[in-house]
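The lines below spell out each chain.
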Amino acid sequence: MTIRAVLFFINLLAGGFFLWKYFFKNSLFLSLAVFLGAYGALIFYALAAGMPLNFFIVNFPLALYPFALLGIKSRPGMTFWPRQPRRLYHLLAAAIFVILILGILHMMKAPLFERDGLGIWLTKAKMIVLDRSFLSEDFFNPWRIQDSPRYPLFLPLLEGSFMFQTAVNELTVKLVFVYIWFLNLGMIYENLVLRSGRAAFFSVIALAVVPAYYLMADGSLHTGYADIPISLFYLSAGIFLLDYFPTGSKITLAGAGLAVAFSAFTKNEGWAFGLSVLLVLIIARRKFSDLVLFLAFALIPNLPWLLTMIRLPNLYQEHYLRRIPEILPRLVHIPLILKNAVFEIFNIRHWGILWPLILAFFIFFKSSSVIRYLLSVILITIACYLGTYLLTSWDISFQMSVSFARLLLHVTPLTVLLAALHIIGIKNPPSSRP
Amino acid sequence: MRRFIFFLLAAQLIVSLYFITPVLYRSAGEFIKTSGMPDQTRKEMIYGSFYRTMVDYLENIPADENAVIIIPPREYAQYFWVLNYYFLPRRIYVIPDSLLGDEQLTNRLRIKHSLFTRSDGFFFDRFPPPPSREIK
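If you read the protein sequences in the order shown, they are chains H and D. If you count by our numbering, then the first sequence holds residues 1 to 434, one letter each, in order. If you count by our numbering, then the second sequence holds residues 1 to 136, one letter each, in order.
The shape of chain D in the complex, shown without the other chains (with noise of 0.2 Å):
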């Protein structure tokens, strides 16, 4: 029995590491290939043209000013709202398009630039963001 349980053991073993290995080969080199960049060239890399084009856009808003990122549902908006916190003291808002309109909100928030919606075709991480528009 105690032969079995070994033999069963190994098994898995083989098993896990037939998958394992490649990966944890790819990240050891991944590890040694980034560990000497600096943070943002390594998080260019990680989220790609999207946080490179956002980060050069958000940045050239100005302090005073806030800023409106529609993409509804909300479920999708997990990424954009990381960028809350990067370009303080300006705010970065997520709602859904149907409050875009809601002239009581957007004034109260202070938003004068509403950065992209999903009508306009944008999907994170595919194609780069349509040109920002300023809400009247």
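Isolated chain H, as found in the complex (with noise of 0.2 Å):
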């Protein structure tokens, strides 16, 4: 079991290291966090057309050894260690390396037992291992499966490749969310690290204490719920961004696209951020070109999905979009939103003064106008989640109590590599171009 579960990251690391070579060549961690989406969707799209979950779909990314391995000109050492390297980069080093150590200590320490992560998405996952496709007859009924049938798969399908790969296990398939952390404050890292070193260092340190991936009952790192995974996907699409606002660069474009598809993929709150950039693309007047292929990317990947959504079961939970027309007399509840919300961005437990902190620097430091149009993205995001709250049917203070900590995750790892970018200025920013 332990080879096959080193194979099936190895596998992940080959996808990634090919995307490395031919398309993004300054940035493996993003290469790393694209091919993962692409495996998830991959495994769908094979399902999809009736093919039984076996040895060689899991293993596809096989065939890509020799593209990967054969003659990388890159130098990785060159992009992970500062360019002037100095004594306290040993020591902040060595100090990520301990908080990694013990957080992946505390993400194995039991298996999966929170209520969505092994009610809806491990649950999924285990259907589609020991039916070998999600198109079983068991997938469809109703009273067969959790109460979430048009949750998207990515997770489900990563879980279920892992756990088809090694063993049914409840705790083993939690190292997908040690990898996917690790992609998390691997990208960040990169990002920043020729910019800044001391920069690089301290973001991930940051980053990787925020109580909140730790102490929460829904959505830290040890409960497999999709919370941390979409961040990453977000992640990716700021990084594109990142390089697609001062460039224009069409590939960088189609990066995000792609990247916002696998958020969507991974969790419904995709489409909001999907939403959000589009609208600060035509805020920036951008062209109309770039719209259509930004908007190709991000829906064409997700077209089978839609349309196998549209045969599952649909529960009255999911119908928070069905409720637009009664709105109007529901806006009487944004005070409370924006209460509650307030609330928990200046909740010490969760966040320490991590909000608080970002909001000073973005406010007393001059940003560049590529950090104020992902800073858009991110508060076209948060607005959109708060509306979802107006149209609720559960006790809206009861619901943001339990879930709007979730949804700051999902934009935190961006939020923090723009404060750090926002501080030390981005310029020459890393290519993610080939």
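One or more hints might be untrue.
[As the list claims (entries may be wrong)] Chain H residues, not near chain D, derived (Cβ > 10 Å throughout):
id, residue
1, Ala49
2, Asn340
3, Ile363
[Said to hold, decoys possible] Selected chain H positions facing chain D (Cβ under 8 Å, derived; list incomplete):
id, residue
4, Leu100
5, Leu102
6, Met108
7, Ala110
8, Arg323
9, Ile345
10, Asn347
11, Leu354
12, Ile423
13, Ile424
What the hints contain is simulated information worked out from the structure, not anything from laboratory work. Glycine included, each C-beta is placed from N, C-alpha and C at the ideal position.
Two chains, two separate frames, one set of hints: put the complex together.
Listed below in structure tokens is the structure:
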């Protein structure tokens, strides 16, 4: 089982190396994240085409090994250590190592048992493994599946592929989340290290010690929820856009579109993020052809999923958008929603002083237009999230108390990266282009 | 200004470490303590008496009979859905109380056992489930 688990992750690494070598040469972690999304999507397409989950589908990245491993000319060592080495950096690297190890022990101490992690995402994954498909009769039977049948399938497919490769085990499947956490931190480090070694190390530490990643019963690292995986794709899209806005590069815009598509395939909130990016592209007066390119890459990969979703049982919990005609009388709840949001932002037990700190940075430092665009994407996304509380049938305060902190987790890595770039200045961005 | 930023950052790190250090310390201890345990023991520790009782009960249902868990409202049912795939070929369904009297449904699904209902006062993790009833 250990060998098969190792093979699974080597496959993901090989796929990432492949993208790194041929598409995004200056950004290994970004390539790994994009390949992770592509891996889930490609397995989905194979199963949607009626193929059963089997060894060849789960291990398709084996075919990429020769292309990925031969003749790599990039020099990772140049990217992964600051240009001006200092003794302090060794100390900070050691601190990150200790935090990572303790974080892994925290994640791997117990099998998954939190409500959504076990009852929604992992149950779907088990169904896929045991039925070798998501097209089985059980998957479409409202009495046989959990109460969110229309939740997207990226995470169940990823967990399911890992369990198919190894065994159905609620503990070892958490390694998938270790990998995703590693990519989140790696992307921030990689994007900052050439600009400022100090900013890179401190940003990674600042993100890695945010209490919400360890203390919350819903959505933390150990819970198996989809909130941290979706934050990986938000961060990926943000990094692509950081390159796109100053350069207008089509390939990075396509990458941003793909990252948005993967985020929507991870959680439905990804559509709100996609809408926010689109609005900001329009506000920034980008070319019409760019908008079409972004929409094509954000929408087309998800068309098979949207077509499948129509066939899935439709339960009342997921009917938020149907309440839009009733929104006017619900506007009276806006003050309550804002009050709860502010309380959460200042919740020291979840965030320390992260959000007030970041707000202060953005208020007191002059920012570049690129940072302002990305910040607008985050603010519009949060506004969309808050808007959904106007449509909920639950008690607003109760629902916000259990879900809003998780929604903030979606944008936390991207916000930390923007704050760091904001302080050090966004000069000479390392390009994601080939 | 640089000093001020470092001061703020240091404050954030100290506050965060204040909250997470005890948790990470405890987790490291738990990891070491449980890492040698068999999977079954570890699951029982996590899922508690509920898991043990349910497993014992469900394993005694004949393989060709299905069971139903009645626990409205639906949004509280996640913990029970996870049992679906532990006990193949037995099938565990989760249905609302109102459908239990629907003979067409119970016959079609070959449901012979009902495990418990919320009206029996069962609440996850607090009390053991009441005795099961065979559907006539």
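Going down the list of hints, with the structure as the test:
1. Ala49: holds, 24 Å
2. Asn340: Answer for H/Asn340: holds, closest chain D Cβ roughly 20 Å.
3. Ile363: Label holds. Min Cβ-Cβ 13 Å, cutoff 10 Å.
4. Leu100: violated, 11 Å
5. Leu102: holds, 4 Å
6. Met108: holds, 6 Å
7. Ala110: holds, 5 Å
8. Arg323: violated, 17 Å
9. Ile345: violated, 14 Å
10. Asn347: violated, 11 Å
11. Leu354: holds, 6 Å
12. Ile423: Holds. Min distance 6 Å.
13. Ile424: At about 10 Å, which exceeds the 8 Å cut-off, the nearest Cβ of chain D leaves the hint on H/Ile424 violated.
When held up to the earlier numbered hints, the structure conflicts with 4, 8, 9, 10 and 13 and fits the remainder.
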